[in-house]
Amino acid sequence: MTLLQGTVGKTYQVKEIRLEEAVARRLQMLGLLSGTSIEVLNKKRSGGVIFKVRGIRYAIGKHIAQGILLGGGEA
Amino acid sequence: MSGEIHVAFIGNPNCGKTTLFNAYTGAKLKVANWPGVTVEKKEGAFRYHNQQFRLVDLPGIYSLTSYTMEEKLSRQYILEDEVDVILDVIDASCLERNLYLALQLIELGKPVVLALNMMDIVRQRGMEIDTHRLPEMLGVPAIPVSARKKTGLDVLMHTVAHHADGHGDIPLEHHHGDKQTAHKHNHHKEYVVVYSDEIEDKIDILQERLLEKWPDMVNPRWHAIKLLEQDEEVMKNHPIETADVIQRSYETDIINQKYDFIEEVVEECLFHKDAKSEKTDRIDKILTHPVAGLPVFLAIMALVFFFTFTIGDFIKGGFEMALEWFSGAVAGLLASIHVNPGLQSLILDGVIAGVGGILTFLPNIFILFLALALLEDSGYMSRVAYVMDGIMGKLGLSGRAFIPMLLGFGCTVPAIMASRALEDPKDRLKTILITPFMSCSARLPIYVLFSSMFFGKHAMIAAYSMYVIGLGVAILSALVMRLFDHRRAEHTLLIELPEFKRPSAYTIFIYVWEKIKDYLSKAGTTIFIASIIVWALLNFGPGGMVEMGDQRSFGAMIGQVLTPILRPAGLGYWQVVVSLIAGIAAKEVVVSSMGILYGINNINSPKGMEAMVAALGAAGFTGLNAYAMMVFCLLYIPCAATIGAIRKETNSWKWTAFSILFQLGVAYVMAVLVYQIGSAILLWR
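Chains E and A supply the protein sequences, listed in that same order.
Heads up, the first sequence is in this note's numbering, so the first residue is 1 and it goes up one at a time.
Heads up, the second sequence is in this note's numbering, so the first residue is 1 and it goes up one at a time.
These are computed hints drawn from the structure, not numbers from a lab.
Keep in mind that this is a model prediction, so the values were computed, not measured.
Honestly, I wouldn't trust all of these hints.
As the list claims (entries may be wrong) - Taking CB as the label site, the calculated pair distances span:
#	chain 1	residue 1	chain 2	residue 2	range
1	A	Leu294	E	Ser37	29 to 35 Å
2	A	Ala640	E	Ser37	20 to 26 Å
3	E	Gly35	A	Glu190	25 to 31 Å
4	A	Ala640	E	Gly35	49 to 55 Å
5	A	Ile300	E	Gly35	38 to 44 Å
6	A	Leu294	E	Lys10	40 to 46 Å
7	A	Ala292	E	Thr2	23 to 29 Å
8	A	Arg482	E	Glu21	24 to 30 Å
9	E	Lys10	A	Tyr464	23 to 29 Å
10	E	Thr2	A	Leu294	24 to 30 Å
Virtual Cβ for every residue (Gly too), placed ideally from N, Cα, C.
Whole structure, please, built from the sequences with the hints as guidance.
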């Protein structure tokens, strides 16, 4: 599943990032690496997602949310 | 150490770096742009125990790669310039992510001091940081401070001074659990981050080759690591044979291993890290609510403008009375000492009418910038990007593009600069083209003047409507531009949402003061000079000095040439044309020029307005003309500085010229539409 399909309030593990090189690198530098815990805080119908990684909140648009693959189920 | 110590402030965005910087330098700082780019460069001085410090505030960045201009700039500055100490400001409540940049800085090999900022928030949230173990693991001092409460500041500078000459490095002490290696690379006593054996082997080879070619290279290890990451800049500036060593980019591995180490540090130094930040969660429930978020944002903006107009106008009354008194006093003084009438006219009709009229708007502008500063410092601004992302997506833009547009209500120039936060060059260009339609504070004097002259008790609605029209035109333009942009619409919004915090009065004060200072210095320079030029154009003609308002002046001649073109827009008056041209220097000049043109030296007072309405009315200039004028002023070139900013940000004369023509075209078409449709309706009624 992708981050876009995540449920608000649940914590997942990042499995893979499938995005353009530059965006993927930026996410990695912010600490989104495979195995990192990620909590979904908020979702909008338009596809925007707010999540928390390593104690910090980020807002992303649909495109990026679709490119973050989650695995490991609920942690 | 003698001489001054050069300290570079660096840190993640939202880490409180600027607040800390301000705490040392106060408002006495020099703000300039970095050469060639429009990123602000802040410099200040500080003295402590007879030691002079030179402080430079670098832009907020997440890492030291060369992906963005800010990152490149900070990196170059630290590498090349004579920086004695790197002061890395760390938001201790987000230790994990902030340590990533810290590790990169330490890897550079220059003296680094960590400022553990926001320690008050760490405590408040129930977290604890082992400030003894942290320096042991990182090999550099880490000083707890709170920029907001101004605690720990002296200790921090003291450490910086001691650390500047390279002494004071703290011996590294790692445990690394079972990760301890028997490999020859037992660098754990030398380097903070030791990579996997595979990578360390490659670093060894590259380091050797780098030193062969550049024997006096200070930090070959850092360069070697950057080569492994296939960093463009380093590969360009230090090309060596790497084909046999580097088969791919090792960037992901290096990032991963840095974070592995960070997790180790956090494990040992940070306690109760899972403490919830309930306050932010609670506020976010409302502000970023999927449905309520947008109405809440609109209500906040309505409130901002309400305060700007009502309270601002209330205070403005006092300023006007002061100006009237001042103008009268100067007139009396000049007459009593028998000053030459020409000079009297220059001072009263030129300078006081021009500059004075602008100064009375200070309260409105003060309140507007205060509100913007509050929105920014509290952490709400980045939420707006999320709230607006859906709508902006329909316009083919990322939600982040809304931040420059929102800042455009304050001043177009920094707003255009803020567009650089958008990664996609096309998004950036679109944002730059539509941001000038957001009505900036310099246009406010025009609305206030014309709407209170012509629309009586509906004045406020008339002025409000300008903001709506501006926003509407911006949206429409974005939609039209989208037609020419054939890419698949991609939402690339990625923005950090900082914890909500009570805005710091001091930071707000500095922010607002900087803007007010800008406004005042503009009144003292651009508007002052423009006022004198306008006065001169109106008082001199081919036949020498003429009476103010005379048709034979240079100004009238220029105005008359363009009058026929602007007639369909209801602006076919040479005086109006002259003030519109003068308004390209700065928008406030439209008001000051009108004052000069009609010889009214206190244009905002009831008496001044009455005189102006009478003069304009006699020429057939009615409320409809006034509204068309407001629309034209809303949409045409905001000011010369905006043109400069667009040129710098687009780095293209072609796009700069396009944006000028685009704004003039849109302004003309809209003003004509307003005037023609308005006339038709009035006729029909």
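Hints versus structure:
| no. | hint | verdict |
| --- | --- | --- |
| 1 | A:Leu294 - E:Ser37: 29 to 35 Å | 30 Å, holds |
| 2 | A:Ala640 - E:Ser37: 20 to 26 Å | 52 Å, violated |
| 3 | E:Gly35 - A:Glu190: 25 to 31 Å | 29 Å, holds |
| 4 | A:Ala640 - E:Gly35: 49 to 55 Å | 54 Å, holds |
| 5 | A:Ile300 - E:Gly35: 38 to 44 Å | 39 Å, holds |
| 6 | A:Leu294 - E:Lys10: 40 to 46 Å | 25 Å, violated |
| 7 | A:Ala292 - E:Thr2: 23 to 29 Å | 26 Å, holds |
| 8 | A:Arg482 - E:Glu21: 24 to 30 Å | 26 Å, holds |
| 9 | E:Lys10 - A:Tyr464: 23 to 29 Å | 44 Å, violated |
| 10 | E:Thr2 - A:Leu294: 24 to 30 Å | 25 Å, holds |
Hints 2, 6 and 9 from the earlier list are contradicted by this structure; the remaining hints agree with it.
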